[in-house]
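Given only the sequences and the hints, what does the whole structure look like? Please build it.
2 protein chains.
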Amino acid sequence: MILTVTLNTALDITYRTAALTPHATNRVAEVSERPGGKGINVARVLAALGHESVVTGFVGGRTGDALRELLAAEGPGGRAAHAAVSDAAVTDALVPISGTTRRTIAVVDETTGDTTQLNEPGPTVTPAEWAAFLTSYEGLAARADAVALCGSLPPGIHVGAYAELVRLARAARRPVLLDTSGEPLRRGIAARPDLVKPNADELAQLTGSREPLRATRDARRRGGRSVVASLGAAGLLAATPDGSWRAAPPMAVRGNPTGAGDSAVAGLLSGLVERLPWPERLARAVALSAATVLAPAAGEFDREAYADLLPRVTVTEQSSQPEQESHAPRQHR
Amino acid sequence: MILTVTLNTALDITYRTAALTPHATNRVAEVSERPGGKGINVARVLAALGHESVVTGFVGGRTGDALRELLAAEGPGGRAAHAAVSDAAVTDALVPISGTTRRTIAVVDETTGDTTQLNEPGPTVTPAEWAAFLTSYEGLAARADAVALCGSLPPGIHVGAYAELVRLARAARRPVLLDTSGEPLRRGIAARPDLVKPNADELAQLTGSREPLRATRDARRRGGRSVVASLGAAGLLAATPDGSWRAAPPMAVRGNPTGAGDSAVAGLLSGLVERLPWPERLARAVALSAATVLAPAAGEFDREAYADLLPRVTVTEQSSQPEQESHAPRQHR
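Note that the protein sequences, when read in sequence, are chains A and B. Numbered by the working numbering, the letters in the first sequence go through residues 456 to 788 in order. Numbered by the working numbering, the letters in the second sequence go through residues 456 to 788 in order.
If you're looking for bench data, these hints aren't it; they were derived computationally from the structure. Among the clues, some could well be false.
Residues from chain B that keep clear of chain A, each with C-beta distances beyond 12 Å, as calculated [claimed, not checked]: (1) A521; (2) E524; (3) A527; (4) R558; (5) D569; (6) T571; (7) E575; (8) E593; (9) D600; (10) L731; (11) P732; (12) R758; (13) A760.
Residues from chain B shown here face chain A by an in silico Cβ test under 7 Å; the list is partial [stated by the list, open to error]: (14) T480; (15) N481; (16) R482; (17) V486; (18) Q572; (19) L608; (20) L727.
Virtual Cβ for every residue (Gly too), placed ideally from N, Cα, C.
Structure below.
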C-alpha cells in the first residue's frame, strides 16, 4: 500500500464556458466535480497502475462530504465505465475537521481550451485536529510501502509540518517523497526525504538557480536523497545516489498540464515500490505525465497514449561533472 | 404575507480576488455564500422593510441544503448583527427536487470592484416535481397579499410556466407581479399580471422598441395591467391605469448594481400591499434600488442611504400622449 498525504484537499470543480469574459456575466455550459488535491490525484493514478493506495489529510463541511462521496464513487466498485477492471482501490483515511474543505474552480474556454483557475483558501486546521492527524498518520505510515507528501499547507498548520511528517516516515523506515513548494519545501527537504519532485519554479525558488542540473544537485545537498525536477515539456531531470539522468518525451505534447506533475509523482512512487531501476522509473513518470497532458479531463491520463509513449521516452545519463554535461551524454534506452 | 417565487434558486458565492487574470491561477482572498435567486433577494428586502414573506421555488442537493441552512440563519432569530431588530421573517416553503441547486459565482476585483459572474445551469425539474410545486403554490398564493414571480426558468419547466402561475394567482384574486425575460415574459404578460417590471433590455426584447415610454405602453397593451420599466441609473418609468410617471434618484450612484432590480421589486410590492399611491411606491423603489447599488455586498441595501435618498427621489408625471411627453411634465413631489 502507498500512502498519499494531502493536507489541503479540495473539491475540484470544472466549468466549461464558450469563452470567459471578465467583468461580464458568463453562462456555464457544463459543470463537473472531482475529489482534488495533489495527493488524491497521485492516488488516482496509482490505482490505475494497479497499486493499492490510502489517502489521508483533512476534510470537512459540505464540500468535504461531496469530496468523500465522489472518492468512494471512483473506487473499483463505483468507478465510471471508462476505467479498467484492474484498477486498485483508493482507500479514504481522511481526518474530519470542523472547517470546510476548499473548492477550486477551473474555467475552461471551450473554443481555446485555455483555463482560468480560481482557488479558494483552505480551512484553518486546529492544533487538536493536527494532533489527531499525526496519530492516524503514524499508524498508516507504519503499514505503507512508501509515503508521498503532496501540495500546500492549509492555514493553521505549522510551516515545518512536512519536515515533521518526513521524520516520522523515516523513523518508521518508510521511503518518503515530498512534493511541495516555498518554505514548507525548504524545511521539509532539510529533514532528508528520500525523494523530492520540484518543478522548475519551485527548484529555482529553493536554490536560487535557474540552471536545472546545478539546482537539482544543490537540492540534493540541502537534504533530498534523490531529486527529480519536472521541466515541463522537456521532461524530467533526476539527481540520485545512483547517477543523474534526463528523461524526455518523444515529442512536445499540447493539452491541459493540470495534474501532469502528480502523474509523474505516481510514476516515480510506483517504480520505487516495484524496485525498478531509475531509468525505468523516469520513463514511466515522463510517459504518464505526457499522457496526462493529452487527456481531455484535467488530472486523468490517456491510457493508450501512455502505452504508446512509454517505449519512446528517451533517458540520457548525465555526467557527474555539471560542466561536462553537454559533451558526452550517454543514451540509456 | 407576500409570496415570492424563485423557480431557479441559486447558492450565490462571492469571491474577492486582488484582480482576476484570465488563463492564470487566481487566489481567492475571501469567500462568502448567500441564498440567491431573484425572488429570494426580493424577500430579503421585504423582510428588512417589515413585511413577512414566504419564498417558494425548487431546491435540491448539497447546494440546496446549504441554501436552506443560510436562509434559516438569515431569519430574525439567526440574522447577522448588522440587521435591524424590526426585520420580519422570511419563511422557507421551497419544494425539494432530485436535482442539485445551481451555484452562481461573482468574482469581485478588490481593486476596481469590477465583477465577473459565472452562472451554472439550473437543475432539470421533472413533471412530478412541477406538479408538486403547483399544489403547494396554489395553497400559498391563496393566503398571500401579493405574489411575485421572479427570474429565469430552470430546465424541464415549460416556457408558459409563468403564464400558468399568473392565471392561478388571478383566479385566487391575488395581485401578481412578473419579473422575468424572453419568451417566459412574452407568454407571462399575455396572462395579464397586475405588474411587470422589465429592465430596458427585456422591454426592448419584448416590444422591439428602445424608446422607453413607447415600449412601456406597448407592454401594457400586451397584457401588463401596470408596467414599471427599470432604466438603470435613470430610475423607473411606470405606465399604470392611474397614469404614467418617471421616478429618478437625486444623483447617479456608483457601485454594484447586482440586486438593484430585486430591491425595486420589493419596493413596488411593499407599496402595493400598503396601498400607497403610485408616486410613493415608485419613490420607494428608486431609493431602495440606489441604496442597493451603494451597499458593499451585492443584493443588500444601505439603510442609511435609503433613508437619505427616499425624500429626494424626483417623481414626474408623464403626459398621457407619448408625443407630448417632453412638453409639459408635472412635478409631483
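Hints versus structure:
{"no.": "1", "hint": "A521", "result": "violated, 6 Å"}
{"no.": "2", "hint": "E524", "result": "violated, 9 Å"}
{"no.": "3", "hint": "A527", "result": "holds, 15 Å"}
{"no.": "4", "hint": "R558", "result": "violated, 8 Å"}
{"no.": "5", "hint": "D569", "result": "violated, 4 Å"}
{"no.": "6", "hint": "T571", "result": "violated, 5 Å"}
{"no.": "7", "hint": "E575", "result": "violated, 5 Å"}
{"no.": "8", "hint": "E593", "result": "holds, 32 Å"}
{"no.": "9", "hint": "D600", "result": "holds, 33 Å"}
{"no.": "10", "hint": "L731", "result": "holds, 33 Å"}
{"no.": "11", "hint": "P732", "result": "holds, 36 Å"}
{"no.": "12", "hint": "R758", "result": "holds, 28 Å"}
{"no.": "13", "hint": "A760", "result": "holds, 24 Å"}
{"no.": "14", "hint": "T480", "result": "holds, 4 Å"}
{"no.": "15", "hint": "N481", "result": "holds, 5 Å"}
{"no.": "16", "hint": "R482", "result": "holds, 6 Å"}
{"no.": "17", "hint": "V486", "result": "holds, 5 Å"}
{"no.": "18", "hint": "Q572", "result": "holds, 4 Å"}
{"no.": "19", "hint": "L608", "result": "violated, 14 Å"}
{"no.": "20", "hint": "L727", "result": "violated, 29 Å"}
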